[in-house]
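Chemist: Listed here are the chains, written in short residue letters.
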Amino acid sequence: MGKSKYPGEFEQVVMLALARVGDGAYSVPVHAEILETSGRDVAIASVYVTLSRLENKGLVASVAEPREEATGRPRRFYSLTAGGWDALQRSRKMIDSMWAGVEVPEDGR
Amino acid sequence: MRRDWPFFARVLASILGRATPAGVSGNLLRDLDEGHRARLPQGARGANRWLTRQLVLALSPGRIRDLRRLPARSLRGVDDVSALRATGRLLMSLATDLRYSFRLLARSPAFSLTTVVILTGGLSVSLFTYSLLHTMMYKPLPLPAGDAVVRIFAVEDGRTGFIEGRTLDFVRRNVDSFEVMGTYDSRLVQIRGGVSPASISATFIEPNMFDITAVAPALGRRLLSADAEPGAEPVAILSHHIWNATFGADAEIVGSQVNLNGVSTRIVGVMPADFGFPVFGHIWIPVARSESAPPAGETTYVAAYAKLRPGVSAPRADVELHETIQRYRATVTDPDLLELTPDSAKTRTFQKAQMGDEAEVSFAIMNMAAGFILLLACVNAANLLLARCLERTREITIRVAIGASRLRLVTQMMGEGIIMTAVAGGLTIFITAQALALFDARTHAALPEGLAYWWRWGMDAPTLTVAGLLVLGTALLVGGIPAWRVVRADTNAALRDGQQGGQGLATDRLTRALVVLQIAAISVLLFLGGMAAYVTYQAGTIDFGLDTDRVLVGMVAMDEGDYPTRESRVAFLERVRREVEASATIEAVILRVQVGEEGPVMLEGAVYDTEANQPTARVRAQMGDSAMLGVELRVGRRLDERDGLGAAPTAVVSETLARDLWGTQSPLGRRLRVGSVEAPRGESTQPWLTVVGVVSDIYEGNPLDGDRKGKTLYLSMAQVAPTNAGITFRHRGDASAALVALTEALDEVGPTVELVRIINFDDMLDQMRGASLAASQVLGGCFGFALVLAIGGIYGLTSRSVTQRTQEIGIRRALGATKVRIIALFLRGSGRQLTIGLGLAAAVGVAASVAVLNLYPELDVGAFLAAGLLVPTLISGLVLTATYLPTRRAVRMNPRAAIWRE
Numbered sequence: 452m453g454k455s456k457y458p459g460e461f462e463q464v465v466m467l468a469l470a471r472v473g474d475g476a477y478s479v480p481v482h483a484e485i486l487e488t489s490g491r492d493v494a495i496a497s498v499y500v501t502l503s504r505l506e507n508k509g510l511v512a513s514v515a516e517p518r519e520e521a522t523g524r525p526r527r528f529y530s531l532t533a534g535g536w537d538a539l540q541r542s543r544k545m546i547d548s549m550w551a552g553v554e555v556p557e558d559g560r
Numbered sequence: 002m003r004r005d006w007p008f009f010a011r012v013l014a015s016i017l018g019r020a021t022p023a024g025v026s027g028n029l030l031r032d033l034d035e036g037h038r039a040r041l042p043q044g045a046r047g048a049n050r051w052l053t054r055q056l057v058l059a060l061s062p063g064r065i066r067d068l069r070r071l072p073a074r075s076l077r078g079v080d081d082v083s084a085l086r087a088t089g090r091l092l093m094s095l096a097t098d099l100r101y102s103f104r105l106l107a108r109s110p111a112f113s114l115t116t117v118v119i120l121t122g123g124l125s126v127s128l129f130t131y132s133l134l135h136t137m138m139y140k141p142l143p144l145p146a147g148d149a150v151v152r153i154f155a156v157e158d159g160r161t162g163f164i165e166g167r168t169l170d171f172v173r174r175n176v177d178s179f180e181v182m183g184t185y186d187s188r189l190v191q192i193r194g195g196v197s198p199a200s201i202s203a204t205f206i207e208p209n210m211f212d213i214t215a216v217a218p219a220l221g222r223r224l225l226s227a228d229a230e231p232g233a234e235p236v237a238i239l240s241h242h243i244w245n246a247t248f249g250a251d252a253e254i255v256g257s258q259v260n261l262n263g264v265s266t267r268i269v270g271v272m273p274a275d276f277g278f279p280v281f282g283h284i285w286i287p288v289a290r291s292e293s294a295p296p297a298g299e300t301t302y303v304a305a306y307a308k309l310r311p312g313v314s315a316p317r318a319d320v321e322l323h324e325t326i327q328r329y330r331a332t333v334t335d336p337d338l339l340e341l342t343p344d345s346a347k348t349r350t351f352q353k354a355q356m357g358d359e360a361e362v363s364f365a366i367m368n369m370a371a372g373f374i375l376l377l378a379c380v381n382a383a384n385l386l387l388a389r390c391l392e393r394t395r396e397i398t399i400r401v402a403i404g405a406s407r408l409r410l411v412t413q414m415m416g417e418g419i420i421m422t423a424v425a426g427g428l429t430i431f432i433t434a435q436a437l438a439l440f441d442a443r444t445h446a447a448l449p450e451g452l453a454y455w456w457r458w459g460m461d462a463p464t465l466t467v468a469g470l471l472v473l474g475t476a477l478l479v480g481g482i483p484a485w486r487v488v489r490a491d492t493n494a495a496l497r498d499g500q501q502g503g504q505g506l507a508t509d510r511l512t513r514a515l516v517v518l519q520i521a522a523i524s525v526l527l528f529l530g531g532m533a534a535y536v537t538y539q540a541g542t543i544d545f546g547l548d549t550d551r552v553l554v555g556m557v558a559m560d561e562g563d564y565p566t567r568e569s570r571v572a573f574l575e576r577v578r579r580e581v582e583a584s585a586t587i588e589a590v591i592l593r594v595q596v597g598e599e600g601p602v603m604l605e606g607a608v609y610d611t612e613a614n615q616p617t618a619r620v621r622a623q624m625g626d627s628a629m630l631g632v633e634l635r636v637g638r639r640l641d642e643r644d645g646l647g648a649a650p651t652a653v654v655s656e657t658l659a660r661d662l663w664g665t666q667s668p669l670g671r672r673l674r675v676g677s678v679e680a681p682r683g684e685s686t687q688p689w690l691t692v693v694g695v696v697s698d699i700y701e702g703n704p705l706d707g708d709r710k711g712k713t714l715y716l717s718m719a720q721v722a723p724t725n726a727g728i729t730f731r732h733r734g735d736a737s738a739a740l741v742a743l744t745e746a747l748d749e750v751g752p753t754v755e756l757v758r759i760i761n762f763d764d765m766l767d768q769m770r771g772a773s774l775a776a777s778q779v780l781g782g783c784f785g786f787a788l789v790l791a792i793g794g795i796y797g798l799t800s801r802s803v804t805q806r807t808q809e810i811g812i813r814r815a816l817g818a819t820k821v822r823i824i825a826l827f828l829r830g831s832g833r834q835l836t837i838g839l840g841l842a843a844a845v846g847v848a849a850s851v852a853v854l855n856l857y858p859e860l861d862v863g864a865f866l867a868a869g870l871l872v873p874t875l876i877s878g879l880v881l882t883a884t885y886l887p888t889r890r891a892v893r894m895n896p897r898a899a900i901w902r903e
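The listed protein sequences derive, respectively, from chains A and B.
To get our numbering, take the position in the first sequence, counting from 1, and add 451.
To get our numbering, take the position in the second sequence, counting from 1, and add 1.
Please keep in mind that the hints were generated in silico from the structure rather than gathered at the bench.
Check each hint, because a few of them may be wrong.
[Unchecked claim] Taking CB as the label site, the calculated pair distances span:
(1) A:P556 x B:T466: 55 to 63 Å
(2) A:Q540 x B:R66: 28 to 36 Å
(3) A:M549 x B:L91: 50 to 58 Å
(4) A:Q540 x B:A45: 40 to 48 Å
(5) B:P273 x A:P556: 49 to 57 Å
(6) B:R69 x A:M549: 32 to 40 Å
(7) B:T466 x A:R471: 48 to 56 Å
(8) A:P556 x B:A45: 12 to 20 Å
(9) A:K508 x B:L91: 38 to 46 Å
(10) A:Y457 x B:R66: 50 to 58 Å
(11) B:T466 x A:K508: 54 to 62 Å
(12) A:G552 x B:R66: 18 to 26 Å
(13) B:R11 x A:R471: 27 to 35 Å
Even for Gly, the Cβ is constructed at its ideal location relative to N, Cα and C.
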């Protein structure tokens, strides 16, 4: 799998937000979750592009559901796949093992 | 949908809609709309800002690439974006048209450059003139709430003037429109205690000046009302300039003592640089409010200023002033006092007070003149664009034929004009900003004192606004004329006959007539502009005929009350001269005064029926030997002690006057007197003067005046007994020691003598020259612009009229005419236009030259002749080149190609 074995930093952020939102997740609630939890006001377009990319990688899956309003187009809702959960855990494990034994000096250098 | 989005966001959204697949942009925009709506309850501004930021982020190059790659999974709901897509299409077609216009312009760089230069010239002249005059006349004072600070004038018989003290006192107590009111007076004072003694402009002002200007001193404290109380210690505040120039920016200046007109005064503060309230000044001395309201029996007239209360307009204050003065007049019973009381009073801005009421009219005229140059530039540029438009006739008709709308064609035709005007607008703002900064620097260098402090020229908000309006108007005019031509074009004829169908004989005749007119107008403009610049340059570099080395000039004045008789005044002036001459640091001294303006004189034995037939002379009285100024004796003797008060009245005349009055005959012993034959009986009792000598000429007066011819009649000051006199002296090398000696000598003569202003004679002449030189540079600059306009216009018109005849050239070639003959034929045609145009110009030019030379006889006739030859040569060269180059191009073409050329 090489490069795509570990998702990128922003991809992880989006996946975690997806996990936190749970059911009915799409770009707007994901964006809101990232803003609320991390304080980062990212571009919705980035969330949009990232969700699509993660879906291509098989880390998230989407279903289109018709909206309530008559004129609306179907809305695509996203959720993590098993592969997605795996990738998140792998990334976390890797980061944790890299951190093991590392101590930040007092003056932060 | 998205009606609540701000306009900018809608534009960005439409761009996004065009840039990405419909499904992608539709979904993304819907999500953004949701986010936007969720934020609206917290405030529309924040929500709009968030939305705009999101759209900008989505449109960043990397992200737009990603968005384009996304699979468009849904095309439903496209209706939502169809409106946006229509806007997007319009924007795209506009962008295409602009790109097309850019390509057209890039294909003919010479044309584009010429047009931009023409437009820049016209716009710059107009913008510069506007900004210059606006700053002088309308810009608010550079103070906090500067537009609320006004002057108050009395109105008497429709004329304005200073206001009588008691009236003002009543106004101060009863008028509610003003927050603060005060009075001031400007006089020159002698200051000692700095690096060198100096005569500086002092403002005697009420301490409430600080309430009006709201400007804090840079050093020390402000003036307090206690400073103006009777018996208070004399204090003063210095200007930044004097603090630097006279006190070497001494940081310890506050608290030190200086000598002002003999009074020991404590300096309590220094004002910031560029502060000059009310007009300009170098030292502020407090006066009490009571000084403007004199005790009974005395009268003072004061200069008053005020600050309008917030919310009160100047017209409303004027109404209240008028009503208050009417009430005051009703209370005045003393008929003498009523005589002094004004009919009314009104406010006026400081700027208008400085420039005078009539200045508004002349400013409007100057702006109109500049606007006319801009109009010429616009017509020139529009003409060039029209020519291109005609060249594209067939292209346009094909566009019409395949269904282009007129609107589309008009926007295409306007594109070029709009682009070039926009470029010219940018250049204009840059050039005008530079020109204003240069003008500001030069004016302040030439006149370090005497410029109102609000005259700081430079690029400012009103100038930028006007620049925008001018550019808009120009773009409409320059783009609009070709567009109008397109709308009116006969497309059928054009399709049938090509370019010829779009023009015809009438257009050709019109072009030729325009060339002739342009030649005439430009020649006159060039000649007159060159001469105006030359005249002012001459005036700026004139030789005054004086030896001014180490010479200082000043004024002494006495109080007439102290010296009521002629004898006492003459005795005083003689003492001044003796005391000053006795000083070891002063080499020579002469007192001079001008006795009235240049006026009529009459010779003994001559009979004049009207004043117009009388000779005129400038009359000066002097005491002392004018040899010190380099004035040479030609015949007879100079005026001296023999020409005292009781002696027979005598006079000395300048060479030119002697020649004027008596030709080659000797003037010695002849008699003349000052005065007009039309003067009422009793006034023409000036004594007969006997001429005792003739001296060399000196130029006097303003170098821009026609009257500098040195026709001077010198009288003995002892026989005139004036109350003031100019004092001109040569020091022995140390100017400051001489100044101290002079002041001491004058103290010796009497405490009532006032020494007003001492400056270096050379500096004075330099200032006069400096003003002329600045004027010549501005004139030269303006005519330089006009010249560029002219060259661009005339070249464009001439070469266009030749290019239009390319087909004719092809036919002539096909019929066997040689290249040389065709070129000669065309050059002859232009020669005819030149002859007519230059003939018209010569008539005007000669008349103008004669008038100018009459006014300034000392100007070099050779220069006029040279210009008279140079201008026609230049214009002829220009027109013939503009004919030759396109003709040569046309004759070099294959005749077949020329005939079929569009």
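Chemist: Each hint should be assessed against the structure and marked as holding or not.
Modeler: Here's how the hints hold up against the structure:
Distance hint check: the CB atoms of P556 of chain A and T466 of chain B are about 59 Å apart, consistent with the given range 55 to 63 Å. At about 31 Å, the CB distance of Q540 of chain A to R66 of chain B agrees with the hint of 28 to 36 Å. With their beta carbons about 55 Å apart, M549 of chain A and L91 of chain B fall inside the hinted range of 50 to 58 Å. One distance hint, 40 to 48 Å for the beta-carbon pair Q540 of chain A and A45 of chain B, holds here, with the actual separation near 43 Å.
Here the CB-CB span from P273 of chain B to P556 of chain A is close to 52 Å, well matched to the stated 49 to 57 Å. At about 36 Å, the CB distance of R69 of chain B to M549 of chain A agrees with the hint of 32 to 40 Å. For the pair T466 of chain B and R471 of chain A, the beta carbons lie near 54 Å from each other, so the given range of 48 to 56 Å is met. Between P556 of chain A and A45 of chain B the beta carbon distance is about 48 Å. The supplied range of 12 to 20 Å is therefore violated.
At about 40 Å, the beta-carbon gap between K508 of chain A and L91 of chain B stays in the expected band of 38 to 46 Å. For the pair Y457 of chain A and R66 of chain B, the supplied restraint of 50 to 58 Å is violated, since their beta-carbon distance comes to about 24 Å. Roughly 56 Å separates the CB atoms of T466 of chain B and K508 of chain A, a value that falls within the hinted 54 to 62 Å. At roughly 41 Å, the beta-carbon separation of G552 of chain A and R66 of chain B lies outside the given 18 to 26 Å, and the hint is violated.
Our hint of 27 to 35 Å for R11 of chain B and R471 of chain A holds, since their Cβ atoms are close to 33 Å apart.
The earlier numbered hints that this structure contradicts are 8, 10 and 12.
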